[in-house]
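**Q** Chain residues, written in single-letter form:
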Amino acid sequence: MKTESRLEKVLASGALAVTSECGPPRGAVPEKVKEKAELLRGSVDVINVTDNQTAMVRMSSWAAGILIRQLGLDPVLQMVTRDRNRLAMQADIIGAYSHGINTMLCLSGDHPHFGDHPMASNVYDLDSVQLIQAVVKMRDEGKFQGGKDIDHPPKMFVGAAANPFADPFELRVMRLAKKVKAGVDFIQTQCIYNLDKFETWMKGVCDRGLHEQVYILAGITPMKTAGMARYMKNRVPGMDVPDEVVKRMESVPKEQQPEEGIKIAVETIQRLKEVKGVAGFHVMAIEWEEKVPEIVEKAGLLPRPEV
Amino acid sequence: MSDTFEPEIVAFCCHYCAYTAADMAGSKRISYPPNVKIIRVPCTGKVDAIHIMKALEKGADGVYVAGCLEGDCHFKTGNIRAAHRVRRVQALLEEIGVEPQRVEMITMSAGMGERFAKTARDFTEKIRQLGPSPVTTAARDSRRRAVS
Amino acid sequence: MITAVRKPMEEIIACVEPYDRILLVGCNECVSVCSAGGRKEVALLASALHMHFMKQGKTMDIREMTLERQCDPEYVEELVTSVDGADAVLSMACGCGVQTIAARYREKPVFPAVNTTFMGASERQGVWSERCQGCGDCVLGITGGICPIARCSKRLMNGPCGGSTKGKCEIDANIDCAWQLIWDRLKALGLERRIEDIMEAKDWRTSRDGGPRKIIREDLAS
Numbered sequence: 001m002k003t004e005s006r007l008e009k010v011l012a013s014g015a016l017a018v019t020s021e022c023g024p025p026r027g028a029v030p031e032k033v034k035e036k037a038e039l040l041r042g043s044v045d046v047i048n049v050t051d052n053q054t055a056m057v058r059m060s061s062w063a064a065g066i067l068i069r070q071l072g073l074d075p076v077l078q079m080v081t082r083d084r085n086r087l088a089m090q091a092d093i094i095g096a097y098s099h100g101i102n103t104m105l106c107l108s109g110d111h112p113h114f115g116d117h118p119m120a121s122n123v124y125d126l127d128s129v130q131l132i133q134a135v136v137k138m139r140d141e142g143k144f145q146g147g148k149d150i151d152h153p154p155k156m157f158v159g160a161a162a163n164p165f166a167d168p169f170e171l172r173v174m175r176l177a178k179k180v181k182a183g184v185d186f187i188q189t190q191c192i193y194n195l196d197k198f199e200t201w202m203k204g205v206c207d208r209g210l211h212e213q214v215y216i217l218a219g220i221t222p223m224k225t226a227g228m229a230r231y232m233k234n235r236v237p238g239m240d241v242p243d244e245v246v247k248r249m250e251s252v253p254k255e256q257q258p259e260e261g262i263k264i265a266v267e268t269i270q271r272l273k274e275v276k277g278v279a280g281f282h283v284m285a286i287e288w289e290e291k292v293p294e295i296v297e298k299a300g301l302l303p304r305p306e307v
Numbered sequence: 001m002s003d004t005f006e007p008e009i010v011a012f013c014c015h016y017c018a019y020t021a022a023d024m025a026g027s028k029r030i031s032y033p034p035n036v037k038i039i040r041v042p043c044t045g046k047v048d049a050i051h052i053m054k055a056l057e058k059g060a061d062g063v064y065v066a067g068c069l070e071g072d073c074h075f076k077t078g079n080i081r082a083a084h085r086v087r088r089v090q091a092l093l094e095e096i097g098v099e100p101q102r103v104e105m106i107t108m109s110a111g112m113g114e115r116f117a118k119t120a121r122d123f124t125e126k127i128r129q130l131g132p133s134p135v136t137t138a139a140r141d142s143r144r145r146a147v148s
Numbered sequence: 001m002i003t004a005v006r007k008p009m010e011e012i013i014a015c016v017e018p019y020d021r022i023l024l025v026g027c028n029e030c031v032s033v034c035s036a037g038g039r040k041e042v043a044l045l046a047s048a049l050h051m052h053f054m055k056q057g058k059t060m061d062i063r064e065m066t067l068e069r070q071c072d073p074e075y076v077e078e079l080v081t082s083v084d085g086a087d088a089v090l091s092m093a094c095g096c097g098v099q100t101i102a103a104r105y106r107e108k109p110v111f112p113a114v115n116t117t118f119m120g121a122s123e124r125q126g127v128w129s130e131r132c133q134g135c136g137d138c139v140l141g142i143t144g145g146i147c148p149i150a151r152c153s154k155r156l157m158n159g160p161c162g163g164s165t166k167g168k169c170e171i172d173a174n175i176d177c178a179w180q181l182i183w184d185r186l187k188a189l190g191l192e193r194r195i196e197d198i199m200e201a202k203d204w205r206t207s208r209d210g211g212p213r214k215i216i217r218e219d220l221a222s
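Residue numbers (our numbering), protein chains in the order written: chain X, 1 to 307; chain E, 1 to 148; chain U, 1 to 222.
Just so you know, these hints were derived from the structure itself, not from any lab.
Distance condition first, Cα-Cα at most 27 Å in a straight line; then the derived DSS-like pairs of lysine-lysine:
(1) U/LYS58 x E/LYS54
(2) X/LYS143 x U/LYS202
(3) X/LYS247 x X/LYS291
(4) E/LYS37 x U/LYS40
(5) U/LYS40 x E/LYS46
(6) X/LYS9 x X/LYS155
(7) X/LYS9 x X/LYS143
(8) E/LYS76 x U/LYS40
(9) U/LYS202 x X/LYS148
(10) E/LYS37 x E/LYS126
Pulled out of the complex, with its shape left as it was, chain X reads as follows (with noise of 0.2 Å):
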């Protein structure tokens, strides 16, 4: 065990491991980030805290982090490189887990461009994997990237995130790849409504033996109507939404079909648990995280394992 991370106890037991996420308010309302954890009990094994989600600002991800650890639950803080320097990163690594928050995600986050401060400058100091590197050299040499020794290293179990859908589509088992050579310890990919595209990713992913190196969280968001599978389909960029999909969404009234959406992401888990590689799932229900327990107790994965 290279941490205490929770995350990192389920996975290694063999169970298919819950995430969840948890986007933090745009204020200083604390009871928020608490009431949204609160939902999550017991259906997750740990719960993803966004950075600045959408380059929207937020409460920080490890001051909503901590909120969630002091009601006993697991948070992962989610750090994306394009706010701050390599300083401050690892500086709030630091901090994050002095406060007890031992898993984190790494990511390069949404340009400035997509969120309501398209002004501000975007740092990119490092990108994610090196971020990744950063965090492992931290962990396991208990070295700043300026390379002096830390008093007391911080020991994170590594995440990052990987989009099987993206362009180009031949370069998606290579990038994960890299991401492995970081040094990364899982993966929690970006949501999956082509299923056989997935499946495809998955395949080059073993045939390289990478599923032995890294554990595979499918990324899972149920759709509540019609009008979002739509714009994920055509605005959002890097998802692939298949016609399909739209279209099963759009063949149901509307007040049945956010009930149609939860019964897709069941059935893409059930689907998915089968798949070579797939180490557990990660479940974002976007601002609707009241739905995450009945998905995760409806797709099986109920009880979530002690460890």
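Put chains E and U on the given structure of chain X with help from the hints.
**A** Structure of chains E and U alone, referenced to chain X:
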């Protein structure tokens, strides 16, 4: 003053079309306003933005560039370039608060004597409606004040 | 080349309005090539300014000059007599040129008439694109001749990110995904495996982050 206003118009005319059309208008005795001062150019592609600007600066109330019909330029794309430059000058005029309509790109063929005359009449009328160029008005006024 | 675009007339006018005699200085180098501040643009700007002030009944004395290279003190020296006859200088060169004039003629106000934008190359007539950020530690040799720092919106050193779509960047469909270009080029060169080599965290000291940079060539500087 606007009753007696006679606009000064400068027309850059391509030798291969508009200028020949003007000739034809003359030989056919089709009249067009004397306000239009024709400058013959080998191709409208030779008309640079600065030529149009200088005409306005030196007192023209309106300037138009008359070139060949699209696709008929003797030098292939001179008229297209001229049209781009006219647009650029229009944008610049707008920035300094001068009506961009004072500058225009017009196309015709050598045989269109009637069109040449009509264009000259229409453009002159348009500028007459716009009134004297704001560039020269202030200068004229201050000169008049100095004299009286 | 260094590219630039003219500032809005409103901003230029506000700068020179308080003065009666302006020396308008262009540059024959980069800004001339990118049609922002060469002889032609100097003439056009002078004419536009003349017209603007004539409209207001004011005669603005504008002297036009275009130097061979405005970022070189040797050429800026040529302005010595003209500067005397002007209340202010309006420069159409890049920021380097403006500063060379400001350094040489300390008591004369200097205003930029263009916004210096980027180091770029000409794609075709009238189109220029950013190509280099002058990071001081060129990686083009390992990225197939395409710069991820200048051309990836997130300047990722280990791209592409998850937003690359059909060869275009997620922030603008008119921007090529630099990492798609790099990948295509590495393939063409038969160097596909290179894409899996991790580019380590960059040492930005050679870039602007290390403070203002200077090159001293001892053999030339004596």
